[in-house]
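**Student:** Residue strings, one per chain:
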Amino acid sequence: MEQLKTIGRELAMGSQGGFGQSKEFLDLVKSIGEARSKAEEDRIVLSEIDILKRKLLEPDIPKRKMKEYIIRLVYIEMLGHDASFGYIHAVKMTHDDNLLLKRTGYLAVTLFLNEDHDLIILIVNTIQKDLRSDNYLVVCAALNAICRLINEETIPAVLPQVVDLLNHHKEAVRKKAIMALHRFHRKSPSSVSHLISNFRKRLCDNDPGVMGATLCPLFDLITEDVASYKDLVSSFVSILKQVTERRLPKSYDYHQMPAPFIQIKLLKIMALLGSGDKSASEIMYMVLGDLFKKCDSSTNIGNAILYECIRSISCIIPSPKLLEAAADAISKFLKSDSHNLKYMGIDGLGRLIKISPDIAEQHQLAVIDCLEDPDDTLKRKTFELLYKMTKSSNVEVIVDRMIDYMISINDNHYKTEIASRCVELAEQFAPSNQWFIQIMNKVFEHAGDLVNIKVAHNLMRLIAEGFGEDDDDADSKLRLSAVESYLQIMSEPKLPSLFLQVISWVLGEYGTADGKYSASYISGKLCDVADAYSSDETVKGYAVSALMKIYAFEIASGRKVDVLPECQSLIEELLASHSTDLQQRAYELQALLALDARAVESILPLDASCEDIEFDKDLSFLNGYIQQAIESGAQPYISERERSGMLETTDYHSQDHHEVPSHALRFEAYERPKPSSLRTQASTELVPLPEPSYYSEAHQPISTSSVSERESSEIKLRLDGVKQKWGRPSYQSSTSASSTPPQAANGTSSHPDVGVGSSSLKPRSSYESKKPEIYPEKQRLAASLFGGSSSSRSDRKSSSGGHKPAKGTASKPPKENPIPVQPPPDLLDFGEPTATSVTATDPFKELEGLMDSSSQDGGSTDVMGVLYSDAAPVTTTTSVDSLLSELSDSSKGNPGTYQSQTSKGPNSQEALEKDALVRQMGVNPTSQNPTLFKDLLG
Amino acid sequence: MDRLMSLCVPSLDLRKHRSLIDSLEIQSCYLLSEHSCLASGFGSIHFVLLVSRQGKVRLTKWYSPYTQKERSKVIRELSGVILNRGPKLCNFVEWRGYKVVYKRYASLYFCMCIDAEDNELEVLEIIHHYVEILDRYFGSVCELDLIFNFHKAYYILDELLIAGEIQESSKKTVARIISAQDQMVEAAKEEAGSISYIIAQAS
Numbered sequence: 017m018e019q020l021k022t023i024g025r026e027l028a029m030g031s032q033g034g035f036g037q038s039k040e041f042l043d044l045v046k047s048i049g050e051a052r053s054k055a056e057e058d059r060i061v062l063s064e065i066d067i068l069k070r071k072l073l074e075p076d077i078p079k080r081k082m083k084e085y086i087i088r089l090v091y092i093e094m095l096g097h098d099a100s101f102g103y104i105h106a107v108k109m110t111h112d113d114n115l116l117l118k119r120t121g122y123l124a125v126t127l128f129l130n131e132d133h134d135l136i137i138l139i140v141n142t143i144q145k146d147l148r149s150d151n152y153l154v155v156c157a158a159l160n161a162i163c164r165l166i167n168e169e170t171i172p173a174v175l176p177q178v179v180d181l182l183n184h185h186k187e188a189v190r191k192k193a194i195m196a197l198h199r200f201h202r203k204s205p206s207s208v209s210h211l212i213s214n215f216r217k218r219l220c221d222n223d224p225g226v227m228g229a230t231l232c233p234l235f236d237l238i239t240e241d242v243a244s245y246k247d248l249v250s251s252f253v254s255i256l257k258q259v260t261e262r263r264l265p266k267s268y269d270y271h272q273m274p275a276p277f278i279q280i281k282l283l284k285i286m287a288l289l290g291s292g293d294k295s296a297s298e299i300m301y302m303v304l305g306d307l308f309k310k311c312d313s314s315t316n317i318g319n320a321i322l323y324e325c326i327r328s329i330s331c332i333i334p335s336p337k338l339l340e341a342a343a344d345a346i347s348k349f350l351k352s353d354s355h356n357l358k359y360m361g362i363d364g365l366g367r368l369i370k371i372s373p374d375i376a377e378q379h380q381l382a383v384i385d386c387l388e389d390p391d392d393t394l395k396r397k398t399f400e401l402l403y404k405m406t407k408s409s410n411v412e413v414i415v416d417r418m419i420d421y422m423i424s425i426n427d428n429h430y431k432t433e434i435a436s437r438c439v440e441l442a443e444q445f446a447p448s449n450q451w452f453i454q455i456m457n458k459v460f461e462h463a464g465d466l467v468n469i470k471v472a473h474n475l476m477r478l479i480a481e482g483f484g485e486d487d488d489d490a491d492s493k494l495r496l497s498a499v500e501s502y503l504q505i506m507s508e509p510k511l512p513s514l515f516l517q518v519i520s521w522v523l524g525e526y527g528t529a530d531g532k533y534s535a536s537y538i539s540g541k542l543c544d545v546a547d548a549y550s551s552d553e554t555v556k557g558y559a560v561s562a563l564m565k566i567y568a569f570e571i572a573s574g575r576k577v578d579v580l581p582e583c584q585s586l587i588e589e590l591l592a593s594h595s596t597d598l599q600q601r602a603y604e605l606q607a608l609l610a611l612d613a614r615a616v617e618s619i620l621p622l623d624a625s626c627e628d629i630e631f632d633k634d635l636s637f638l639n640g641y642i643q644q645a646i647e648s649g650a651q652p653y654i655s656e657r658e659r660s661g662m663l664e665t666t667d668y669h670s671q672d673h674h675e676v677p678s679h680a681l682r683f684e685a686y687e688r689p690k691p692s693s694l695r696t697q698a699s700t701e702l703v704p705l706p707e708p709s710y711y712s713e714a715h716q717p718i719s720t721s722s723v724s725e726r727e728s729s730e731i732k733l734r735l736d737g738v739k740q741k742w743g744r745p746s747y748q749s750s751t752s753a754s755s756t757p758p759q760a761a762n763g764t765s766s767h768p769d770v771g772v773g774s775s776s777l778k779p780r781s782s783y784e785s786k787k788p789e790i791y792p793e794k795q796r797l798a799a800s801l802f803g804g805s806s807s808s809r810s811d812r813k814s815s816s817g818g819h820k821p822a823k824g825t826a827s828k829p830p831k832e833n834p835i836p837v838q839p840p841p842d843l844l845d846f847g848e849p850t851a852t853s854v855t856a857t858d859p860f861k862e863l864e865g866l867m868d869s870s871s872q873d874g875g876s877t878d879v880m881g882v883l884y885s886d887a888a889p890v891t892t893t894t895s896v897d898s899l900l901s902e903l904s905d906s907s908k909g910n911p912g913t914y915q916s917q918t919s920k921g922p923n924s925q926e927a928l929e930k931d932a933l934v935r936q937m938g939v940n941p942t943s944q945n946p947t948l949f950k951d952l953l954g
Numbered sequence: 005m006d007r008l009m010s011l012c013v014p015s016l017d018l019r020k021h022r023s024l025i026d027s028l029e030i031q032s033c034y035l036l037s038e039h040s041c042l043a044s045g046f047g048s049i050h051f052v053l054l055v056s057r058q059g060k061v062r063l064t065k066w067y068s069p070y071t072q073k074e075r076s077k078v079i080r081e082l083s084g085v086i087l088n089r090g091p092k093l094c095n096f097v098e099w100r101g102y103k104v105v106y107k108r109y110a111s112l113y114f115c116m117c118i119d120a121e122d123n124e125l126e127v128l129e130i131i132h133h134y135v136e137i138l139d140r141y142f143g144s145v146c147e148l149d150l151i152f153n154f155h156k157a158y159y160i161l162d163e164l165l166i167a168g169e170i171q172e173s174s175k176k177t178v179a180r181i182i183s184a185q186d187q188m189v190e191a192a193k194e195e196a197g198s199i200s201y202i203i204a205q206a207s
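Listed in order, the protein sequences are those of chains A and B. The opening position of the first sequence corresponds to residue 17 in our numbering, with each subsequent residue numbered one higher. The opening position of the second sequence corresponds to residue 5 in our numbering, with each subsequent residue numbered one higher.
None of these hints come from the bench; they were simulated from the model. By construction, the Cβ of each residue, glycine as well, lies at the ideal position given by its N, Cα and C atoms. There's no promise every hint is true.
[Stated by the list, open to error] Straight-line alpha carbon distances no greater than 30 Å define the calculated DSSO-like cross-link-like pairs of lysine-lysine that follow:
| hint | chain 1 | residue 1 | chain 2 | residue 2 |
| --- | --- | --- | --- | --- |
| 1 | B | Lys92 | A | Lys309 |
| 2 | A | Lys310 | B | Lys92 |
| 3 | A | Lys310 | B | Lys73 |
| 4 | A | Lys257 | B | Lys175 |
| 5 | A | Lys294 | A | Lys310 |
| 6 | A | Lys203 | B | Lys156 |
| 7 | A | Lys458 | B | Lys156 |
| 8 | A | Lys46 | B | Lys107 |
| 9 | A | Lys348 | B | Lys156 |
| 10 | A | Lys309 | B | Lys175 |
| 11 | B | Lys175 | A | Lys54 |
| 12 | B | Lys107 | A | Lys351 |
| 13 | B | Lys92 | A | Lys54 |
| 14 | B | Lys77 | A | Lys310 |
| 15 | A | Lys794 | B | Lys175 |
| 16 | B | Lys156 | A | Lys310 |
| 17 | A | Lys266 | B | Lys77 |
| 18 | B | Lys176 | A | Lys54 |
| 19 | B | Lys73 | A | Lys266 |
| 20 | B | Lys92 | A | Lys186 |
| 21 | B | Lys92 | A | Lys348 |
| 22 | A | Lys39 | B | Lys103 |
| 23 | B | Lys156 | A | Lys186 |
| 24 | A | Lys54 | A | Lys81 |
| 25 | A | Lys71 | B | Lys156 |
| 26 | A | Lys351 | B | Lys156 |
| 27 | A | Lys404 | B | Lys92 |
| 28 | A | Lys203 | B | Lys103 |
| 29 | A | Lys395 | B | Lys77 |
| 30 | A | Lys79 | B | Lys92 |
[Said to hold, decoys possible] Covered stretches of chain B, going by a simulated chain A footprint (3 or more residues, C-beta under 8 Å):
| hint | segment |
| --- | --- |
| 31 | 85-99 |
| 32 | 110-118 |
| 33 | 129-141 |
| 34 | 148-155 |
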């Protein structure tokens, strides 16, 4: 029977051409269905592409045929191949008057094109026309396309029509218009900011579908600005109430549940509105309580609503009764056999645990079962829960488990995440320094290349500073244990680069610090590292710098230094290295070895990695030299700002030029410029993307500069709302992120008035005595996780229950302070004054020239070197000294940034600032345009 | 081919449909690749994916911008993860900081990718809702229907989800608008037919 049906279906499709599809297409689908491998499938698709390319070139293709070709293109694209050669035909098809074809055209373009595709412009006109159609299906098709295709630039072209459609007599159109506006709001909030009242109005639409759709944009709006929607709390509550009382049409029922999707959306909104607002929360108690009673936990959708209730309760300020109901629901989830529900239960537990920390107690075993479940998803969720409930009493168990799991998985994305969580927990709750270093070693060893580099920096900083207390003895012990563990680990093959960097740095700073290991031993090890990882320049750089420190400490303490032969050969090899960075370091090391103890000590003082380094940014020690140069006829330096000031007129032009093209895409007659859109433009104007355009502005004729300006402005348009990626060095922000504590697991949550400190009265013994039949292993694990056998540990960290995290937060920020992480040393800044007189010389060359001139008595051919040794022979040694010390100190103080990096993009920040300034100047005239317009137009 | 709605029936009688049997080689083990920069999404649902048990793509809908290259990577990676999962496990997979909710109907996997903070059970029901609508439209839908009429499936999806948000939760309403569209199509067809008929007569 079944068989007959299928055959019949197939036949029907074959004969009728399956809604206009030809035999050819059916054959294609079939042959792909029969393909035995991906390669075969690809071959078939490629030949199909060839066929289509040929066919599309034929003149006068009948429309029916064309429609089929386009569906075939969609199919190709769906299978992951490029069908861009046919996009234009799909665009053309949207122009067709026949709805059938038009709809196919729209379907194809929405699947083919992204919103930033060039062809969009060709569609806008059609969309405008279709929005005006009196066939509501055409309007719907156009609105569907709008939701996918319209971008920031084209919003104004369709906005008025979409707004008009909000009052269309067909609810399907109203609904889609709402969704389109929602989409606009997400793309560019300013474009629809004056229309927000419409959303409120549509909430009262008498079609429940429209009302349901309106909840989507409202959810977004409320996320952005809770305060101005507080008045809607009671409306939402009453809507939810009506929904649960089955006041909506029966067609919205889903598995006997009244409009569940709308309920869930409402619950999400209520969670936002009730968060931290007692009075708003109180309005919701009733309806939430009802929901718990009404929800049928035997269906999946009922559970979905229950889960959403739990989430809402964890966000609002809940009543004890609701909490209890939520806890009950969670325990039902956890006890269920379904993995899905267990997962939801664990998730819910993680949410509620912030409010009532002891809720996890009763579910210990369930949690541990989930932790050991073969299902990875469930396991990960459980780790998330553990992460949330970590405190100093259970940190060791939890982190150990996490690391075991981390080692066992291959998924790099999750590995990264769990590694960073381990680090975070270890930083926050570490019971001892040794333990901390061990954990870090493990993390680095197994996930080294995935760990954020700032974790390495934090570790180095921590070792350098100790744990904050003024206990030098403990600090040096910490360092010693670090050094010892590293010396041990180093012998293992194939360590991650980042870990080696940390090792090298620590060995360099502290390897010889307390005399346990000799300089030659440590330097031998460092040479081994540089040898073994000879392809990794960063590691090599760290190793060389470490060597330099070791020798410097030796020289400074007056001991005689004999450079190991392998070290000597390493230096010689690096002197000829292709990497300027390594070369630089090698030269520095060589120069340093020749200096006397006093000089060396001032270059690399012992254990000074925490000291601030002062930069002489103005390079005042070169003043005399500059003076001389000017006297002998050199051009004085003109600062970049002044230079750009001179160029302002050209810049002005280019600004005008780019104003025109960006507004060239007008889709209707002149309109009055809106101040709001200009404002956003001014703000995006500051988005730095400058260097290419900056240089072209400065050095190229106007026409090209305007082009590049336009380019950059195009890029800028898309940057609105996107996180700034290449802007200022993100170092600061990242450290601040690391210093914010993870959500404190116990007690100290965002709800200060609930349940703080109750964790100290844990009835753990009751559980142990009650259930004796449980496997002892699990029991032990449970106890260690949930605080059973932790008495000794919690003694040490006595009363730490609710206290420690707070302390962690309090003590962290000051810890960050003493080492203000320097922005990457501004090497170009160094060279700037000179760089202008001799345009664009490589600062490194100059430095080398300087060094050469001192060591080889000016034998170099470098212009700067010659100039320098000619002009200022007296100051040579001191300035070289200071230069060197600045260089090496900076490399020492900031291990992450090494010179080759800084030389490439060093003063981008400065350039950005200047660029911004230039732009501001350029922009000002245009930003006055609105008033000008007003004046002109009255 | 099995009805999709006869839930989770893994057995597929191969003799029935010799012409359309997909290869049995499970192509799911395309190598998992390293990170790629996925664009951050906009809607609550980032994409919808229909994959057959053999890893063949039946339908894709991307609500967040992905390049063609990223798309195939996503499909490869996800089908690798999802098709290899056992039957009794969660219907959720954490994946690159997102969550993918999937459900198997007969030989077809329906997957939706959502943010980590979304309600997975709800999405599971959205999938089911979609399947129910498909079922109603095609009359006990099977994979074959979707293979040959994927554009229909797209139309229906467009009525259900817009920009990654659920737009209409009433089956009836969706069915009504789809059938209205179909009627228009039929009318257009007839019209075209009659015109060509007239032309044929005239000439």
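**Student:** So, for every hint listed, does it hold in this structure?
**Tutor:** A quick look at each hint next to the structure:
1. Lys92(B) / Lys309(A): It holds: about 29 Å lies between the C-alpha atoms, which stays within 30 Å.
2. Lys310(A) / Lys92(B): holds, 28 Å
3. Lys310(A) / Lys73(B): Roughly 47 Å separates the two Cα atoms, so the pair is violated.
4. Lys257(A) / Lys175(B): holds, 22 Å
5. Lys294(A) / Lys310(A): holds, 25 Å
6. Lys203(A) / Lys156(B): holds, 28 Å
7. Lys458(A) / Lys156(B): Outside the cut-off at roughly 54 Å; violated.
8. Lys46(A) / Lys107(B): This hinted pair holds, its Cα atoms lying about 25 Å apart.
9. Lys348(A) / Lys156(B): Roughly 40 Å between the alpha carbons, so the hint for lysine 348(A) and lysine 156(B) is violated.
10. Lys309(A) / Lys175(B): This hinted pair holds, its Cα atoms lying about 26 Å apart.
11. Lys175(B) / Lys54(A): Since the Cα atoms of lysine 175(B) and lysine 54(A) sit roughly 37 Å apart, the hinted pair is violated (cutoff 30 Å).
12. Lys107(B) / Lys351(A): holds, 22 Å
13. Lys92(B) / Lys54(A): holds, 28 Å
14. Lys77(B) / Lys310(A): violated, 44 Å
15. Lys794(A) / Lys175(B): violated, 48 Å
16. Lys156(B) / Lys310(A): Between lysine 156(B) and lysine 310(A) the Cα gap is close to 37 Å, so the pair fails against 30 Å, i.e. violated.
17. Lys266(A) / Lys77(B): Status violated; Cα separation ~42 Å.
18. Lys176(B) / Lys54(A): The given pair, whose Cα atoms are some 39 Å apart, is violated under the 30 Å limit.
19. Lys73(B) / Lys266(A): Violated: lysine 73(B) and lysine 266(A) sit about 44 Å apart, past 30 Å.
20. Lys92(B) / Lys186(A): violated, 44 Å
21. Lys92(B) / Lys348(A): Holds, at about 19 Å.
22. Lys39(A) / Lys103(B): violated, 40 Å
23. Lys156(B) / Lys186(A): Judged against 30 Å, a Cα distance of about 22 Å means the pair holds.
24. Lys54(A) / Lys81(A): Status holds; Cα separation ~29 Å.
25. Lys71(A) / Lys156(B): holds, 24 Å
26. Lys351(A) / Lys156(B): Not OK: lysine 351(A) and lysine 156(B) at ~41 Å, beyond 30 Å, violated.
27. Lys404(A) / Lys92(B): Holds, at about 27 Å.
28. Lys203(A) / Lys103(B): The given pair, whose Cα atoms are some 23 Å apart, holds under the 30 Å limit.
29. Lys395(A) / Lys77(B): holds, 25 Å
30. Lys79(A) / Lys92(B): Violated, because 49 Å separates the two Cα atoms, which is more than 30 Å.
31. 85-99: holds (count 9)
32. 110-118: violated (count 0)
33. 129-141: holds (count 4)
34. 148-155: holds (count 7)
Hints 3, 7, 9, 11, 14, 15, 16, 17, 18, 19, 20, 22, 26, 30 and 32 from the earlier list are contradicted by this structure; the remaining hints agree with it.
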